[in-house]
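*Asks:* For reference, the chains in residue letters:
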Amino acid sequence: MDDQISVRIEVPAEMILLRPLDHFVRIFLGQLPEFSSRDDLINDLELAFDEAFTNIQRHAYTSEKKGPVSIEIKVGSGSLEFKFEDRGQSFDPSSVQAPNLDKPSEGGLGIWLIRQVMDEYLYHSEADGRNVLRLIKHFPRGAGNSP
Amino acid sequence: MDDQISVRIEVPAEMILLRPLDHFVRIFLGQLPEFSSRDDLINDLELAFDEAFTNIQRHAYTSEKKGPVSIEIKVGSGSLEFKFEDRGQSFDPSSVQAPNLDKPSEGGLGIWLIRQVMDEYLYHSEADGRNVLRLIKHFPRGAGNSP
Amino acid sequence: MEIQERDGITIITTDERLDAVVAPQLKDAVNKLAERSETKLVIDLEKTRFIDSSGCGALVASLRALIKSNGDMKIANPSPQAKTLFQLTRLHRVFEIFDDLEGAVESFTAS
Amino acid sequence: MEIQERDGITIITTDERLDAVVAPQLKDAVNKLAERSETKLVIDLEKTRFIDSSGCGALVASLRALIKSNGDMKIANPSPQAKTLFQLTRLHRVFEIFDDLEGAVESFTAS
Ligand SMILES: Nc1ncnc2c1ncn2[C@@H]1O[C@H](COP(=O)(O)OP(=O)(O)O)[C@@H](O)[C@H]1O
Ligand SMILES: Nc1ncnc2c1ncn2[C@@H]1O[C@H](COP(=O)(O)OP(=O)(O)O)[C@@H](O)[C@H]1O
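Protein chains in written order, with numbering that gives the first Met the number 0: chain A, 0 to 146; chain B, 0 to 146; chain C, 0 to 110; chain D, 0 to 110.
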């Protein structure tokens, strides 16, 4: 993991940050050789990132004034990780029911979508009040060249 | 300064981060009511940000492997600040000569351009090796409405 | 987001992104349109590169509101990302989706 | 960045940004073109929304390399941002700048 590149971003979990962050992720990943001409993969990763941030904005911080979210993006030679830390309401992802796709509803797709496009959805809460969400995607080395 | 919004970003000072960061800044500022329909102002701010990051990438870290840069973007009710911290080579901005615009050359425009579009260019080095660059722009409250 | 009328059909052209930022706006606009019964609406995604679950939710809510007042909704011009998302969520079986705007508009006048 | 030839005139269409990321590429490409004497080059900025000082530097270097081998360079389609930047740096007095590609191309054939 010598050629790992890592980025840390701390923002308030406000809706106004969603688009700047999504664009950052998309343009950053789009420049990595691993993802060149892999628009489908970048779309998936942007979606997972977008859903995770939106959930923290909406569910971890329910009051008007939003708390902070700390984001880490790590790209290694064979995998990518988005790590989100918030200090809001925690929850138990295993208790969230999968959506019934035969009865489309207005919500309840976020976590399910993240799990569809990422390989791992790992969530835990620390004693100091931090909730840590890690989304991981594995890809073959040189995925960009052999789609 | 109650409605201040602040963002922190830590990245390696690599060229691959320039575009993701520039886009983040552009889209973030573009959504703030202060800058709505002020493309000229956003262009100026993107340019200042771009030049400051490029200078750190190029001059503060001269070796192949780049060190870290920590960026803070703060928007208050009447001003905006970009703060950059690097741990590389320091320099004395007051010793940098203004470019001779009658003899166009390939370089030497960066700091001058930043000073043209921002109100303040403040640079100092800390004892612990951090070099701190603060770029400040003042704008009238509600600038967006009365261009 | 732009709204226009053409021969009794309303066309909403969404922006580059149909995400949590604009989903409430879309729902509000369609709820207003649905006050009139039998509203025929086309959502033109031509400019929309990216849709998330909030965007999908707004589309589901929009269709539902229109059907309640005997209207209907068609979708035109999905991007590759939108197509993938509609397939994944099986919303392609819920929405009537057309590759171009004309097809969506004509499907109303034909019926 | 795209390079094409048209009636003995080379046209380079730059991407959305002409910044430190692509400046070396542009310089390399023009240096190669300048190996041939009397190269006529148009830099078409139609797609370019944003230029920084590295982009300006690459344009200055390009003009210089071409003139050295008796060629010339014109610029077409500057964005509002590019116009402002060229004025600020007074490069609008150094470069021949045209509002559209045709004007730039014709300025070569006319002379
Ligand atoms: N980051 C989070 N923090 C706290 N609760 C969350 C978080 N993400 C999801 N949840 C909870 O899980 C539920 C399901 O989330 P999701 O699948 O994204 O659908 P939706 O957001 O539409 O409800 C949410 O309604 C919320 O109660
Ligand atoms: N952040 C920085 N850290 C160290 N040195 C710098 C920094 N910014 C500028 N410099 C120095 O100041 C000089 C002038 O910078 P600038 O006006 O941006 O022009 P250029 O980058 O084209 O040389 C640079 O050549 C460099 O020596």
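Hints listed in this document are in silico derivations from the structure and should not be mistaken for laboratory results. For clarity, every value in this text was computed on a predicted model and none was experimentally measured. The reader is advised that the hints may include incorrect statements.
[Unchecked claim] As a list, the in silico BS3-like pairs of lysine-lysine whose alpha-carbon atoms are at most 27 angstroms apart:
#1 A:64 / C:46
#2 B:64 / A:82
#3 A:73 / B:102
#4 D:67 / B:64
#5 B:82 / A:82
#6 C:46 / D:46
*Asks:* Determine for every hint whether it applies to the structure shown.
*Replies:* Hint-by-hint comparison with the structure:
1. A:64 / C:46: violated, 32 angstroms
2. B:64 / A:82: This hinted pair holds, its Cα atoms lying about 25 angstroms apart.
3. A:73 / B:102: violated, 45 angstroms
4. D:67 / B:64: violated, 36 angstroms
5. B:82 / A:82: Distance ~24 angstroms between residue 82 of chain B and residue 82 of chain A Cα, so the pair holds.
6. C:46 / D:46: The given pair, whose Cα atoms are some 18 angstroms apart, holds under the 27 angstroms limit.
Hint violations for this structure: numbers 1, 3 and 4, all remaining hints satisfied.
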